[in-house]
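Peer 1: Residue strings, one per chain:
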Amino acid sequence: MTGQAQTPILQIQAVSKHFGGLQALSNVTFDLPEGQILGLIGPNGAGKTTLFNCINGIYPPEQGHVIFRGRDITGWKPYRVARTGLARTHQIVQPLNELTVLQNVIAGASFGHEHHPLSQAREIADQVLTFVGLAERRDALAAKLNVAQKKRLELARALAARPYLLLLDEVLAGLNPTEIAEMVDVVRAIRDQGVTILIIEHVMHALMNVSDRVIVLDYGEQIAEGSPDEVANDPKVIEAYLGDPKLAQQMMLAE
Amino acid sequence: MKPWRNPGLWLVLALTVAISVWPALASNKAYTREVSFTILKAVALASSLNILLGYTGYVSFGHIVFYGMGGYVGFYLLDVHNAPLYVAVLAGGLASGLIAFLLGRAILRLRGAYFALATIGINEAARAFIKNFDLFGGPIGMSLNFNVYKSYGGPNQALWIAFISMAALTLVITVVSFLVKTSRFGLGLMAIRENEDAAEVMGVVAPSSKTWAYVLSAIFPGMVGVLFFFKNGNIEPPDAFNLHQSIETIVMVMLGGYGTVLGPVLGSAIYQRLRGLLLVSPLFKNIQLAVAGVLLLIIILFMPAGVVGWLRSRFGALRRVLE
Amino acid sequence: MLDILVASLADGLLLGFVYGIAAMGLSLIWGVMDVINLSHGPIIALGMFGVYLAFNGLGWNPYLTLLLVAVMGLLLGIVIYGVAVHRVLNAPHLSTLLATFSINMIIIGVGTALFTTSPRNVDFSLGSFSLGHITLPWARVAAALAAVLVTALLYLFLYRTRPGKAIRAVANNRAAAELMGIPASRVLALSFGLGTMLAAIAGGLISTFFPFTILAGGRYELKSFVICVLGGLGNPLGALIGGLLLGALEGIIPAFIETSWVPVLEFVLFVVILLVRPSGLLGSKS
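Chain order of the listed sequences is E, R and H.
Each residue of the first sequence is one higher than the last, beginning at 1 in the working numbering.
Each residue of the second sequence is one higher than the last, beginning at 256 in the working numbering.
Each residue of the third sequence is one higher than the last, beginning at 579 in the working numbering.
Hints are not guaranteed to be accurate.
Derived pair list, reagent style SDA-like, types lysine to any residue, alpha-carbon separation capped at 20 Å [to be verified]: (1) R/284 with R/272; (2) E/144 with R/568; (3) R/486 with R/276; (4) E/144 with E/179; (5) E/144 with H/668; (6) E/77 with R/360; (7) R/486 with R/407; (8) E/77 with R/284; (9) E/144 with R/566; (10) E/144 with R/360.
These are computed hints drawn from the structure, not numbers from a lab.
Small disclaimer: the values here were computed from a predicted structure and weren't measured.
Whole structure, please, built from the sequences with the hints as guidance.
Peer 2: This is the structure:
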């Protein structure tokens, strides 16, 4: 990929966080160059979502810094982070149930960093809904959508903010193979529009396909980093961390 | 869509105006005026509460604190400083808004039932405080000198002035309620209602949005309080901080449909008419409260979205008209 | 001066036991199902009227009548749960708050029609006794002892019996308890009934030393809120300790400021604790 020479859009510098006795993140450090898709993998409880939460300000990290587009945003409130051009989706979808699909996405556009007035936000929302394939459901209440549609809505709402950086937390989980393929295309298309993406995913082959680079977390520690190829063939990842031969095989098959 | 092109706004305004001009057309004007005043006051309280309860999703049992506080401040100005009515009304609104701003910064951090509990505590604390506050007459309260009405052309004229002011104020509140609902600010409030954490992640500045919603919802009851107690002629702590009136206001919002513009207006009109009928009937006079309780329970259990919400979900075509 | 202070402190502490079990009822319901029961006050008042009617009408001993009041309180709670709470248990907080408040309105409405709002009292005296310079009515001591007994029985029930353990399991994790075959609906109904039972008993005890009306429960409901917040919502033993704390405060404060300022202080304290430590002074910090 290009863009390696530029200042990275996101720099994670020695970020640590613990909950009680559990070290959720220890000393996580990496750079994310603009325009890339960076995959984040690791078993359940490895600290992936915690890292997202530290980046977008759900809670502050105890140590370390989060630098976004050259600004230190460590410990900023989520709404302040959102307004600097960073949007995210949630592992457990969080639709605004009693609002329509369109209203959900308008909210995304009008409170994101471009801060559009409602009329312009509506135009953006229409475009985004068409882009993710939810246009026919625009007037339905968000609560009435099925799981796959809710995932799309979650994505549409984040996209409508026109972010520089998008954090995707398991957007493929719970989808069937056809839906996964469609969603992967959508994610690629987003990247092609110039949005940088940090993505957490358990659907390994899809992640390996779509990512430019992959980071592996285990018990809050960063144990590997590299191209999907390198990570998939890293004996440390396969033996020490993956442990699970089936999962390892799944990764190899992704090649 | 431009606000004035939305039929929903016109329907709400038409209903409010209809309640307001009813006394002018009725045969027993003075009596009808009192009935209409009560309904308008209820509409004003319910619509303003709806901004916090319906749009933002914060359950307040202390809406009446602002009515009482504003009422007291305005009454004090009328009584002691001979202030003109409009000055007293504005001061009452301002005082309530200010109190809400200071309180809101603190208690809006609480969520769900904890917020509701805090508002009950504040209501009780405010009443107990006013009872001890000698400037406002302590436990006895204050009474207007009859001479005050003279500058308005006598008591009868003053009652009409209070009524017309109330009608105008109610009209303003319904318009404000509509504008909030259809604005970006309102969308942010509704996002908070649906999921506050998700709203913050999307960029809604929840702390300040909530505070302004609280302030806005507090200014109007403050002004309503001044008008009511001006008309009433005296003010006492139990009347000004009646927890029950807070609850009745919630019932009216729920009956009409919370989170809609029309709901509080319709709900207040229905509830107050019903209440009037029950009060007249000797059979129901004593158990009026119990009947209201049964009504509330039925709404909560079987029609949680209220009349307007029910109509909207039942007849999709009505959605354009029923905001 | 010191004598008066000690006397009013002792008085307050004894009363605090009764406040404690009223609050325990509220706290139990909150802890098990996350519902703030706004019909708590009227049920306390019904407890008062239960003792009053049995004593004045039938000449029953107030303390024995408490057993009947307890059973009625339990049954009433189960009915309230079935009619008003069960359907809206998973709806937003607004629904359960208003559903229980509608029960409040119904009881107060019917109660006012039946009993008017003129004050009643249970004219049954156990006399009083003196300890040094302090004179205390036996009724207060009896009420405090009854409250301790009720608390002990409640704990035995919750920790030693099957239904009690089921209640704790449901409080801990309703979904998991259901998976393990615990009939959650029945357990919830029982918990609600226990909560209202405690309220009714508290009301019955209060009726033995204070005059009351059908509206009198409101005061104790508000006190119960304050206590729950002191002791931590959802923590029954905390409620008893919170009750003692409030009783003690009510005993001591009037010695230093005018009585009329006590409620101001009480509710300001309530809101402040809610803000600073929503899990209560004794609750866990999470």
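Peer 1: Hint by hint, note whether the structure agrees.
Peer 2: Consistency of the hints with the structure:
no.	hint	result
1	R/284 with R/272	holds (16 Å)
2	E/144 with R/568	holds (13 Å)
3	R/486 with R/276	holds (19 Å)
4	E/144 with E/179	holds (18 Å)
5	E/144 with H/668	holds (18 Å)
6	E/77 with R/360	holds (16 Å)
7	R/486 with R/407	holds (12 Å)
8	E/77 with R/284	violated (57 Å)
9	E/144 with R/566	holds (18 Å)
10	E/144 with R/360	violated (35 Å)
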